[in-house]
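Since the structure of chain A is provided, determine the placement of chain B on it from the hints.
One-letter residues, chain by chain:
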Amino acid sequence: MKLVIIDYGVGNLYSLTQACKYLGYDAVVSRDHDMIMEADKVILPGVGAFGQAMDVLRDLGVYQVLQYRIQNKKPILGICLGMQLLFEVSEEFGKHDGINVFAGQVKKLSENGHRVPNVGWYSLQKNSLNWNETILDGISSQDAFYFTHSYCALNVNDRENLASTSWGQDQFCAVVSNGVISGCQFHPEKSGPAGLKILENFFKI
Amino acid sequence: MKRIISRIDIKNDWVVKGIHLEGLRAIGAPEQYSKSYYADGADEILLMDIVASLYERNALIELVKDIAKDVFIPITLGGGLRTLDDISAALNAGADKVTINTAAHKRPDFISEAANKFGSSTIVVAVEAIQESDGQFYCFTDNGREATGRLVQDWVREAEAKGAGEILITSVDREGTGKGFHTELIRNVAKVVRIPVIAHGGAGCAAHVRAALALEEDISAVCIASLFHYNLVQRIGINGPTNSARQNISLKRKALEDISIPQLKAYLCDQNIDVRL
Chain A
15 MKLVIIDYGV
25 GNLYSLTQAC
35 KYLGYDAVVS
45 RDHDMIMEAD
55 KVILPGVGAF
65 GQAMDVLRDL
75 GVYQVLQYRI
85 QNKKPILGIC
95 LGMQLLFEVS
105 EEFGKHDGIN
115 VFAGQVKKLS
125 ENGHRVPNVG
135 WYSLQKNSLN
145 WNETILDGIS
155 SQDAFYFTHS
165 YCALNVNDRE
175 NLASTSWGQD
185 QFCAVVSNGV
195 ISGCQFHPEK
205 SGPAGLKILE
215 NFFKI
Chain B
6 MKRIISRIDI
16 KNDWVVKGIH
26 LEGLRAIGAP
36 EQYSKSYYAD
46 GADEILLMDI
56 VASLYERNAL
66 IELVKDIAKD
76 VFIPITLGGG
86 LRTLDDISAA
96 LNAGADKVTI
106 NTAAHKRPDF
116 ISEAANKFGS
126 STIVVAVEAI
136 QESDGQFYCF
146 TDNGREATGR
156 LVQDWVREAE
166 AKGAGEILIT
176 SVDREGTGKG
186 FHTELIRNVA
196 KVVRIPVIAH
206 GGAGCAAHVR
216 AALALEEDIS
226 AVCIASLFHY
236 NLVQRIGING
246 PTNSARQNIS
256 LKRKALEDIS
266 IPQLKAYLCD
276 QNIDVRL
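Same order as they appear, the protein sequences are chains A and B.
Position one of the first sequence corresponds to residue 15 (the numbering used here), numbered consecutively onward.
Position one of the second sequence corresponds to residue 6 (the numbering used here), numbered consecutively onward.
These aren't lab readings, by the way, just hints derived from the structure by calculation.
Model, not experiment: these values are computed from the prediction.
Each hint should be verified, as a subset may be incorrect.
Stated by the list, open to error - The following residues of chain A were derived to be distant from chain B, with all beta-carbon distances above 12 Å:
no., residue
1, Leu17
2, Asp46
3, Val79
4, His110
5, Asn114
6, Gly127
7, Ala158
8, Asn169
9, Lys218
Said to hold, decoys possible - Chain B regions said to be covered by chain A (calculated; three or more residues, Cβ under 8 Å):
no., region
10, 64-74
11, 97-106
We put the beta carbon where it would ideally sit given N, CA and C, even for glycine.
Just chain A, with the same shape it has in the complex:
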C-alpha cells in the first residue's frame, strides 16, 4: 500500500510517520506531485495558520494535485489544520478559501468561559450516521482523542458530519467524511491506541 504524508512545511511529520510505522506501514513524506497523485492513501497534516497553509499548497502545486485526487475519488485523510483546509472557507486572520471538498466554515472557537486554544482530550458524539465501515469503525463513545486548536469547523452537512465534540452549550465537527475523503480535528497519532485504530481504519478501508 503506497502511503504518502504531504510535506508542505507544517506539522509534526516525524510522529505521524512513526505511528504509521508502528502499525506496519511505511509512509513516505513528500511534496512530489507524481508520488501524491499515485499514492493509494494520502495524509494531509497541518499545524498553524489556514491562509498561509493554502498559499503554500498552491505555491507548491500540491493544491492542484489534491484536486486531482478528489476528482478521481482517491483517499485523503486531513488531520487538524489539514482537516480544516478541506472545508469552504476559514475566518482565521481574514477570510481564506479552502480546498472546498466539504460544505462548512472554519471559525474561531467561542470563549464562553472556556480556555482557548482548546487543548485536551474529548470523546466523540455520534450524529445520525453509522460508524461501521468508516474511519470510526470499532471506536466507542468512551474513547477519547487529543485536540489542540483555536478554530473549528461548523455548519457541516449532516451526511458528512461523522462525529461531533461538545463545546460548552455548542458542538463542533470532530470528524468529517464522504467515505473517500475524511478529516479529523484531533490528532489520531497523538491519541493513544484509539487514535492508532482510526489510522488503521483509514489504511484498510
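Below, chain B alone, put in the same frame as chain A:
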C-alpha cells in the same frame, strides 16, 4: 477532560528527581519511564532537560526520537531552548510542544516569534514561582536559582499577550515535597489568563490532585513527577547509574502516597473529575 501530565526530568541521560528543583538523584532511564507512563494512561509526557547545555543537546534529540517511536501521546520538551532553531529541532524529533522560560525572560518577543513560526499551541511558557517574604510570587529561571524580579501575575499576562499557548506554573517552594500544590499561586495565575494553565509542584497524594482540578478558577491540567516516580520504582524496580534507585527514592516514602496513574484516574473519576480512562 482534565489532563494528567507526567513530568520526567533528565540529567546526563538519566531520569532524576529532587526537592526544590535541586539535590538531584538518578532513578532510571527516560525511555523506560516514558513508555511506562504512556502504558499507564498518562495524557501527556513532559521531558525537562535539567542540565540544558548545548553539549548534551544531540543526546536529548535522539532520546525524543526514540520515545516518539512507541509513545503516541503529546510529548513536550523543555530546558535550555534558546532559539527558533532549537525549537525546530525539538519538533522535528517528535516533540509536539516546547516549554521556554529563560529565553522568554531575556527577550519576551521571542514568545511571539516562536508562536508565529510554529503556532501558539506549540509554545508553553514555563513559570518557576517562589513566594518571597512580601507574600508575592516572583518568577525565577535556572531551576529556581536566578531571580528575574518579575511578578508572576504580570508575567503570565504578558506571556499570553505575546502568544503563548499554555502556561506551566511550577511552585519551586512545593516542588518535590509532596505537601500539595500551592493553591494560592495556581489560583492567582488561572484568574488572570484565558489560555490553559498546567499546575506543577507538590502533588503528594490523590486528594491534592483532586483539589487542584476541582478549583473553580479552572485548572486545565496537573503536571506530576515525584508521586508517579515513587510508585513506578516500587512496581518495576528501575535502576540508576549507581544501581540504588530504590534507595534513592526511599526518603520520599513518608511524604508520598503510593499510587499509579490508573489508580489516580479511577479516584478522580469517582470524585466527579472528568479524565480520560
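Hints versus structure:
1. Leu17: 17 Å, holds
2. Asp46: A/Asp46 clear of chain B: closest Cβ-Cβ about 20 Å, beyond 12 Å.
3. Val79: 24 Å, holds
4. His110: Answer for A/His110: holds, closest chain B Cβ roughly 16 Å.
5. Asn114: With a cut-off of 12 Å, A/Asn114 remains clear of chain B, as the shortest Cβ separation is near 23 Å.
6. Gly127: 8 Å, violated
7. Ala158: Answer for A/Ala158: violated, closest chain B Cβ roughly 4 Å.
8. Asn169: 24 Å, holds
9. Lys218: 18 Å, holds
10. 64-74: holds (count 3)
11. 97-106: holds (count 5)
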